[in-house]
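Residue numbering for the sequence shown follows my numbering, beginning at 692 and increasing consecutively.
Careful, some of the hints might be misleading.
[Stated by the list, open to error] In silico lysine-lysine, DSS-like type, Cα no more than 25 Å apart, as pairs:
1. Lys813 with Lys696
2. Lys736 with Lys770
3. Lys815 with Lys696
4. Lys749 with Lys795
5. Lys715 with Lys740
6. Lys813 with Lys736
7. Lys813 with Lys795
8. Lys813 with Lys715
9. Lys745 with Lys696
10. Lys715 with Lys795
11. Lys696 with Lys736
12. Lys740 with Lys718
13. Lys749 with Lys815
14. Lys740 with Lys795
[What the hints assert, rightly or not] Listed next, with one range per pair, are the computed distances between beta-carbon atoms:
15. Glu800 with Lys740: 21 to 31 Å
16. Pro693 with Lys815: 20 to 30 Å
17. Glu748 with Arg713: 35 to 45 Å
Derived from the structure by calculation, the hints contain no laboratory data.
It should be emphasised that the depicted structure is a prediction, and the values quoted were computed from it without experimental measurement.
Note that CB positions come from ideal geometry on N, CA and C, so glycine has one too.
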Amino acid sequence: MPRPKKCRKVDFFPEYTYFRPRGKSDKQLEEIILNIEELEAMRLKDIEKLNQEKCAEKMHVSRQTFQNIIDSARQKVTKALTRGMAINITGGIYCTKKCQVICKDCNHEYEFDFSKSAHCPKCKSTNIYCKKKQQMCNRINK
692 MPRPKKCRKV
702 DFFPEYTYFR
712 PRGKSDKQLE
722 EIILNIEELE
732 AMRLKDIEKL
742 NQEKCAEKMH
752 VSRQTFQNII
762 DSARQKVTKA
772 LTRGMAINIT
782 GGIYCTKKCQ
792 VICKDCNHEY
802 EFDFSKSAHC
812 PKCKSTNIYC
822 KKKQQMCNRI
832 NK
């Protein structure tokens, strides 16, 4: 059984989440789903101009995981742009600044604040996961 994915920290949510090529009818239109954390990875790397290590640190993932996320994002965007597909920005495995989490080592449930330590306050483990269904956090309403 594969290990559950940890939440990726996201600080930015786009105002516009759907982009489509002009001149294509709805019947002809194919769609690509770009996850929220994939957009965040591109924003940090390509707009904020952070190096890979800083990007991974900000998203609370390893450098390899960050590289996988950004590779997937760039592939999706390139495919959409070259094939005239719509881009729908939604979903993914992400957490906002505060999230309800559970420590997999001691089963302690608590509100996790990404601005603080990434350790369980009870046992100091970093093996924490979002306790929402399938480890998926949702956007906090603004």
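How the hints compare with the structure:
1. Among the hinted pairs, Lys813 with Lys696 is consistent with the structure: their alpha-carbon atoms are about 22 Å apart, no more than 25 Å.
2. In summary, the hint linking Lys736 to Lys770 is supported, as the alpha carbons are separated by about 19 Å, within the 25 Å threshold.
3. Under the criterion of a C-alpha separation no larger than 25 Å, the hint pairing Lys815 with Lys696 is consistent with the structure, at around 19 Å.
4. In summary, the hint linking Lys749 to Lys795 is supported, as the alpha carbons are separated by about 22 Å, within the 25 Å threshold.
5. For the hint linking Lys715 to Lys740, the alpha-carbon distance of about 34 Å lies beyond 25 Å, and the restraint is violated.
6. Distance restraint check for Lys813 and Lys736: the Cα-Cα separation of roughly 34 Å exceeds the 25 Å cut-off, and the hinted pair is therefore not satisfied.
7. This hinted pair checks out: Lys813 and Lys795 have alpha carbons roughly 12 Å apart, not beyond 25 Å.
8. Under the criterion of a C-alpha separation no larger than 25 Å, the hint pairing Lys813 with Lys715 is inconsistent with the structure, at around 55 Å.
9. A hinted pair counts as satisfied when its Cα atoms are at most 25 Å apart, and Lys745 with Lys696 qualifies at roughly 20 Å.
10. Restraint check: the Cα-Cα separation between Lys715 and Lys795 comes to about 48 Å, which exceeds 25 Å; the hinted pair is violated.
11. With a C-alpha separation of about 22 Å, the suggested pairing of Lys696 with Lys736 holds against the 25 Å cut-off.
12. Taking the CA atoms of Lys740 and Lys718, the gap is about 38 Å. The hint is violated against a cut of 25 Å.
13. Restraint check for Lys749 and Lys815: satisfied, since their Cα atoms lie roughly 20 Å apart, inside the 25 Å limit.
14. A threshold of 25 Å between alpha carbons decides the hint, and for Lys740 with Lys795 the separation of about 34 Å lies outside it, so the pair is violated.
15. At about 37 Å, the CB distance of Glu800 to Lys740 disagrees with the hint of 21 to 31 Å.
16. The hinted range of 20 to 30 Å is satisfied by Pro693 and Lys815, whose Cβ atoms lie roughly 25 Å apart.
17. Between Glu748 and Arg713 the CB atoms are about 39 Å apart, so this pair conforms to the stated range of 35 to 45 Å.
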